[in-house]
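Quick note on full-length UniProt numbering: the sequence shown kicks off at 1 and runs consecutively.
Don't read these hints as lab results, they were simulated from the structure. Glycine is no exception: its CB is placed at the ideal position from the N, C-alpha and C atoms. It is possible that some hints are incorrect.
What follows is a list of derived Cβ distance ranges for each label pair [stated by the list, open to error]:
(1) W220 / I248: 33 to 43 Å
(2) I283 / T134: 20 to 30 Å
(3) G475 / T221: 41 to 51 Å
(4) A112 / A301: 22 to 32 Å
(5) G218 / W294: 41 to 51 Å
(6) G475 / E402: 38 to 48 Å
(7) V458 / T221: 24 to 34 Å
(8) T467 / G438: 26 to 36 Å
(9) T134 / V369: 40 to 50 Å
(10) G475 / L62: 43 to 53 Å
(11) W318 / I248: 31 to 41 Å
(12) G218 / L441: 45 to 55 Å
List time: in silico DSSO-like cross-link candidates among lysine-lysine, alpha-carbon distance up to 30 Å [unchecked claim]:
(13) K33 / K388
(14) K355 / K39
(15) K39 / K344
(16) K344 / K355
(17) K388 / K214
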Amino acid sequence: MAPNPGNSHVAVAATTSSEDEPVQDSGNFLSLKWAIGEKWSCRSNYSGALLFNIGAFILPALYNTLVKIWVANIDTSLVVTTDVYTYIGTIAEVLNEGLPRAVWVTIADKEARSFQSRLGLAHTLIIFQAILGTIMSLIFAGAAKAFSATFVPHAVQEASVTYVRISAFSALSSALEVAVSSATRALDKPDVPLLISSVKVVVNIALDLMIISKFHVGGWTPDINMQAGIRLSCDMIAAVSGLLYFSISTSTGRSRGGRQSHSEPPSLQAFFVLFKPGFITFIESAVRNALYLWVVAGVVAMSADYATAWGVFTTIRWGLVMVPVQALEATSLAFVGHYWGELKHMSNQERRSWKILFITTRPAILSVVIATAIEIPLFIFLATFGCKPFALFLSQSEAVAEITAHMWQTIDWCYILYAISTQLATILLATRPLWYLGQSLVSNLLYVLPWAIVCQVVDLNPANAWTYHSLVFGGSLVFSFVEILFIDMLWGWRLLRGRLHTDSV
């Protein structure tokens, strides 16, 4: 089912390969019929896709929170070591935000490509990412000591090397998982990422309870390397399960109106289709994450408590609290990408209307409204009751909880702006990736880089470090919010003036 603005020159659709019945748009800008459709829980509707995405994001966030608790029960000094998994993921994110983020202007484009062609692009993406993930994992494993020396406090570096070697192969599992999840979301199959998350978290929790929790079976003494091994195994099992489910569900040869669901085979031609926009998002991610890790290396160098506090802060802020923002972003990307593809059938003159501008951007606008409605009450609740008890629960350290609470009080308000700007940025990423790269480079090179340099040249210590680090982490969110507002307005102005091309990638 799909929205269809009956009074416009184009039928805006958001259909799956198995559903082509259009949903008529009422013409009322305040109507949500386009988002709900005839069946609100259908995965081809905004509302249904959002529910699937919430489920897919909330389960890993829950597990990441539980990991901190279980490791704190093993050895509180090693809680900071679990952040290695996050930092490996941050580096792997450069890989995972290259070609996978190109899906919104390629695989999500239903109008320029047949379902078989889009499926072929998905298979090409998965194969390429699996190869890159394997290479990156081997590099991480070989450089485990150097990685530990950079991102783990000196006091626990020796105890963390094996953990790093085991976690290194999470680059492969994450590459496979992100490729499958991104491709299937663009194909309007958000049930696949949900399956991956469900398998990963359920099996992880079951094994952790049996092997490393306080209630574990057997007479052994749990250690942090057991947790790393369990996590890696479950990540791989989940990624492969999702891949198998995706393959089976799309290769059964089911007919729909005489059309078979078999895909075009993976090819170099398909790779280059993905590579053009994928290289843009790769550069954006490489610059952003390189600067982030540069600053984080300075955070780790401050002290074990300071580094642990930052890890706990990110676990809370980027864990369960961030799930709605991530789910809304994934949903907005898919539907803006679908609507943008519809505009390619219109003449330049037909696209120059406020109604078409609204229809194209309304998934992002609705996501902004929902994100704001969630983030403001969360901010008030946590500002009132504080995050210190939660931080203490996760770290089992009063000193760490105090530092985390101070971090939270200083910059948490900035994440309301981040929630809004993230949804607005989907308009750029799903339509003009080069614009998305431009806004990111402006933010990172004009704001983050200068402050990152300041953090290197100023004599920082645990007492004054957060004054500068808060300007990097929180200030960049404020800067990006203002910048994205301006660039989105420029994007809309160019669309209305007929200067924004909608050529296929």
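Consistency of the hints with the structure:
1. W220 / I248: 33 to 43 Å: This hint holds: roughly 38 Å between Cβ atoms.
2. I283 / T134: 20 to 30 Å: holds, 23 Å
3. G475 / T221: 41 to 51 Å: Roughly 45 Å apart at Cβ, these two residues keep to the hinted range, so it holds.
4. A112 / A301: 22 to 32 Å: With Cβ atoms ~49 Å apart, the hint is violated.
5. G218 / W294: 41 to 51 Å: holds, 43 Å
6. G475 / E402: 38 to 48 Å: Taking Cβ atoms as reference, G475 and E402 lie about 23 Å apart, which means the hint is violated.
7. V458 / T221: 24 to 34 Å: violated, 43 Å
8. T467 / G438: 26 to 36 Å: holds, 31 Å
9. T134 / V369: 40 to 50 Å: Holds, at about 42 Å.
10. G475 / L62: 43 to 53 Å: violated, 30 Å
11. W318 / I248: 31 to 41 Å: holds, 33 Å
12. G218 / L441: 45 to 55 Å: holds, 53 Å
13. K33 / K388: violated, 42 Å
14. K355 / K39: Holds, at about 25 Å.
15. K39 / K344: Holds - the C-alpha atoms of K344 and K39 are around 28 Å apart, at most 30 Å.
16. K344 / K355: holds, 16 Å
17. K388 / K214: holds, 24 Å
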